[in-house]
Every structure is written in C-alpha cells, then in structure tokens.
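**Student:** Using the sequences provided together with the hints, build the complete structure.
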Amino acid sequence: MNIYAKLTILCLFLVLFTAGVLSFFADQKVEQTFKEEIVSSMTQQSRGISADIGRFMFSRLNDIRLAAKSPYFRNNNPNPEQLTQRLQELENLNDLYYSFSYFDLNRVRIADSKRLSIGKQHPETPYWTRLMNGQEATVDVSTSESVGRVVIHLATKVTSLIDNTEIGVLVGRILVDELFKIVGEYSLSSDTSRNLDIHLLDTEGTILYSNLDPSSILTSTYEEYDLISSLNEPGVNFLETQEKLYFVTRDTNYLSFQGNNWTLILSIPKDRAYAPLTQIRNQILWAVLPVLALTIVLALVAANLFVKPIVKLSNAAEELGKGNLDVELPMGSKDEIGKLAKQMALMSQNLIGQIDEQRQTNKQLIDQKTQIEMQKNQLVSVSSQIRDSISYAERIQRSTLPPLNTLQSVFPESFVMYRPKDIIGGDFYWFERVRRGNNEFMIIACGDCTGHGVPGAIMSIMGSNQLTNIVYYQNYLDPKKIISRLDKVIKFELQRETEEVNRDGMEIGICVIDLDTLKMEFAGAGIPLRLVKHNSNELTIYKTPRQMVGGIEGDEQEVHAQLTKEVIQLEVKDRIFLSSDGFQDQFGGEHDKKFMSKNFNKLIEKSSSKPILEQQKIIERTFAEWSKNTSQTDDVCVLGFEIK
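To convert a position in the sequence shown, counted from 1, into the working numbering, add 712.
The calculated lysine-lysine pairs, modelled on BS3-like cross-linking and capped at a C-alpha distance of 27 Å, are:
| id | residue 1 | residue 2 |
| --- | --- | --- |
| 1 | K893 | K826 |
| 2 | K1356 | K1322 |
| 3 | K1306 | K1340 |
| 4 | K1245 | K1318 |
| 5 | K826 | K869 |
| 6 | K1277 | K1245 |
| 7 | K1306 | K1133 |
| 8 | K1305 | K1255 |
| 9 | K741 | K982 |
| 10 | K1306 | K1318 |
| 11 | K1322 | K1285 |
| 12 | K1329 | K1255 |
| 13 | K1088 | K1075 |
| 14 | K956 | K982 |
| 15 | K1133 | K1255 |
| 16 | K1231 | K1318 |
| 17 | K1340 | K1305 |
| 18 | K1340 | K1314 |
| 19 | K1310 | K1277 |
| 20 | K1322 | K1245 |
| 21 | K1255 | K1285 |
| 22 | K1231 | K1314 |
| 23 | K1322 | K1310 |
| 24 | K1255 | K1314 |
| 25 | K982 | K747 |
| 26 | K1277 | K1193 |
| 27 | K1054 | K718 |
FYI, nobody ran anything at the bench for these hints, they're computed from the structure.
**Tutor:** Here you go:
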C-alpha cells in the first residue's frame, strides 16, 4: 500500500472518527435530556393522579359520613321501609352512586335502595373487618355481594341519636367504572400514541383499577408486582427495566382520609416512550451527512497535496535502493521534504565511499570465518573424544562398584543411592561377604574421595581396589586396621609418605558385621555411622575423626592410634546408614541454602518407620525436590540396610 493510499485512509479515518465521536456524545446528550423530560412529566402526572384518587375517596367518604348523621338512620328502632325510602332519596340526589344499604352491627341488611338481599347477613369482607376492628369509616374496592359487580364500597358507622352508641353501618356503592372518569387517559406530551398504562393495586398486588385491561380488576395480580413491591420511598419511585419505565406512588393521606395503602403504577414501554427520539436522531443524521461529505472531500484534496512531493522522494529513494546512487533528488522545496532530499543526496555520496570500504572488510571477514569454522570443527572433534573417554571411564568406574545383590543376598532390605555430580565421581561404596574360620562376616564401606569428576573417579577406583586387596589378600578384618592400612597404601601410591600434612585422599566409614552373633565393629574417618534401633525408632549417630585417609599424619601404627572403633550389638530390624556429605551439602530449597546434616538426620529418623524401599523413595524424592532449581553441588552416596 503506497503513501497516498495510507494518507487518504488516515484522513478518512480521522474525519469519520471525529464525526462518530461527536455524533455519539450528541446522541447521548439528546437521549439523556429526553429521558429527563419523560421522568419529570410522568412524575408530575403520578402525583396528580394519586391526588385525584385521594380527593375523590375523601369527598365520597364525607358524603357517606354526612348522610349517616341523618335522624332517619340514628333512630334506635328504625323502620325498614322508611330507611329504604331515605336510601332511594340519597341515590336519586347523586347519580354518582349506584346504590345504598343500611346494616345492623351483625352485618344483616336492614334496608337497600334497590331492595336487594334485605334481611340477609353480609359476608365478612375486608371493609367489614376494618369496621369491626375499630375503624369508623373505610373505603374498599370489591365485588358487591348484592349487586354482583365490582364497586367502590364507602362504609361508615352510624351512632344512636340518644346515647351516641354504634347501632348500624351505612354503605354507599359506586361502580368502579366511575374511577375511569376520574383517572381518564394520560399520555406523554400531546402525543396520544404514547398513552400511559395506569394500574391501581391493593397491598397484595391485586388489580383494583386498570385502563389497559378492565377485565383484570379483582381477577388478576399485577404481573410485575414482585418487581415494584420493594419501592417504598415517599413520593414517586422511578424504576427502569430493559423493556419498560415504571413510576410507583404509594397511597398517601388526603386531609382526614388515612388511605388504604394502595399502589398507583404508571408505566410505558420504552419503544413507545422513546419513539420521538428516533425521529430526532434521523433529523440530526440528515443534518450531519452533508457536512461529513464536504469534510471528506477536503481531506482527500489535502492528502493529495501533501503526498505528491513524498511520492517523488519515494521514487528517488527506490532508485537509491536499487544501487543507482546518482539518481536526481527533488531538492526544490524548502520544507522538511526538501531538507530530507538534501540529506539523502549527502548520504548517497557517503555510501559510495563506505561501499568500497565494506568490500575490503567483507574480504577480511570471509577469511576470519574460514579460520573460525576450522577451529570449531577441531573443538567438536576434541569435545567428542573427551565425551567418549568420560563415558568409557564411567563404565570402568561402575565395574569397580560391587553389585547391589551382593548386599541384598545377606540383607534383602537394603538400597544404595549413588549419584555422581558429573558423569563420573569421587564417591564409592564397597561390600563383600567373607569367611574367617567358622564365622561369616559382612564388610560394608562408603567412601568420599577428594574432588569429583575425573580426579575423584581415579581416587575412588584406587580406594575400591585397595579395599579388595587389604581384605582379600591381606586378610584384614578389623575396621581400624583396614583404614590405617588403606591410609598407608594411598600415601605410597601417591608418593606422599614424606609429606607432613596432606589433605588429599578420602573420607570413609567401614562396618564389619559378624553374621552369626550380629555384633558389629565400626570405624571411620570423616564419615559417621547412623543407627536406628528397631525397638525405639530413634536415630543414634556414631561420629568419626575428621581425617582424610591418605593424608593422616604419622605411620600406620600412629594412624591406627588416632582412629576409634565402635562395637555395637545389633538386633533384627535395626537399620544402618552410611553416607557421604553430598546430600547434606546440596544447595536448594526456597532460599537456596544447604540441606544441612540436622535435616538429613531428621529425614532418616522420620522415614525409618516405612519399609526400607519406600524409605529409599522418600530420600530420593526429597533430594530431587530440594535441588530441582539448583545444579548438583557434589557427588552423593547414601547406603542403607536393615538387619535380618
């Protein structure tokens, strides 16, 4: 896409974006203003209708109260026929009333203007209940028991003319249709297509009046009553849903009329309420479209004027890119484009000189690359030879380690965790079953040579071979003597007998167990013995001198004197552990610290209640979790077995 198309699209986008944003905010403002006008209008109408209903009920209740003060009704022994004539006179005086009735306090109809149900007891309807509970006068909308139609009952108690005691009840009836004349038809503004839906409800949500469906009066509950029932604030409550606008007014007192807690609801569907808003939006749209079209034309003209010099400069730059450094650049203008053309001309001259220099540099780089490739191939060859040598060394070293079944043939519950830091390492283990006379012994050793990798592996092979020589061919059985002789042999092999102090060599721990008596002798240098007794499950640690075999000062007898030997009577199910310091020196965990000996001791003690193979898995899993984010610090060797 060229610059002309991009700039044109940019201009169009800016124009359309600006127009869209302005239209959006204008539309929002118009809608907000329109909604505020609707809310204000319907709030005023709700107050007006509520006041009209209250005034109507107050006035009609006063009519009944005044009629009840007539001496005809206050006579303690009324004449039914005279009462009927009086009730007919009241009906004829006011066309608003449908009929009048007079009852005694037992709800028995004494007289009726239409002579209906005389002598019958009236059911205990809500207005009777309120009168019996002490209310002097009340209003109720219900189906008349005598007339059989929905009427407004206006009832008041009648008192005696003699002693002012309650002697009867006067009831006037107005057809609920008269309420239609009071409420009438209401609409938003003067637009009759936007009529309001008006409903009057009692405290249970039953419809007492509806201009939408008169047949629902007293037969149906308002569908959205659960929605509006919580609106109890004084005055008009406004509620908006996705489909309708509701204005809810609770029945309020009107002068001495206490009201019946009725609810007046004015509602209108949104599509009907906001119908004029669509017309307003269309008018705004038709006003904006011509301005928008003119703005787009001006934007396209401006884009064309700006793009022409840029296109020329782009074509010249394209020629420069192809290698035509002598191309003519449009440097006539004095604006930023002209300055850019001058800079490009200067740059092309500089490039001509730099290209010549680069050719010379490239020739030198090619020669250097050839030399680097040769050196790389040599390094790959040497690395492969070293890797093959170390792999072969690993096979040699592992061949010097005894098979685990040698130990398991005597102690089936046993394991060895052996993990060199590198492919080969300085830790090793050694065990063998030997006979001396009539007794059989199991000799078990764990060693940790100085260093790791190749130096450590050489030392470990030396140590393993010398243990075999000392035990098999020199018939040594005492662990102290084995270690002191091993120290002498290593010094001889390394030609260090003349040195006073030497730190190179190995740490080692050796157990010699009499398989007949289960008596064990232990000696070591640097590696302790860990023993868990079966009857207590407590860990006992037998420490050894911190010496390096092959570097202990003195001759064989002096070395023997510096060592200590533990004689321990073992029992079945006792567990013995020998370990190099690689496990406890491993860095890891949340704070990248050493595992430490105390944690290693706790790990062995807590896991010793498990079968030994499960204990091995716990130890190996703990090591893996501890060191998962840290490389292995040292060679690791942990050896454990259970006395059978």
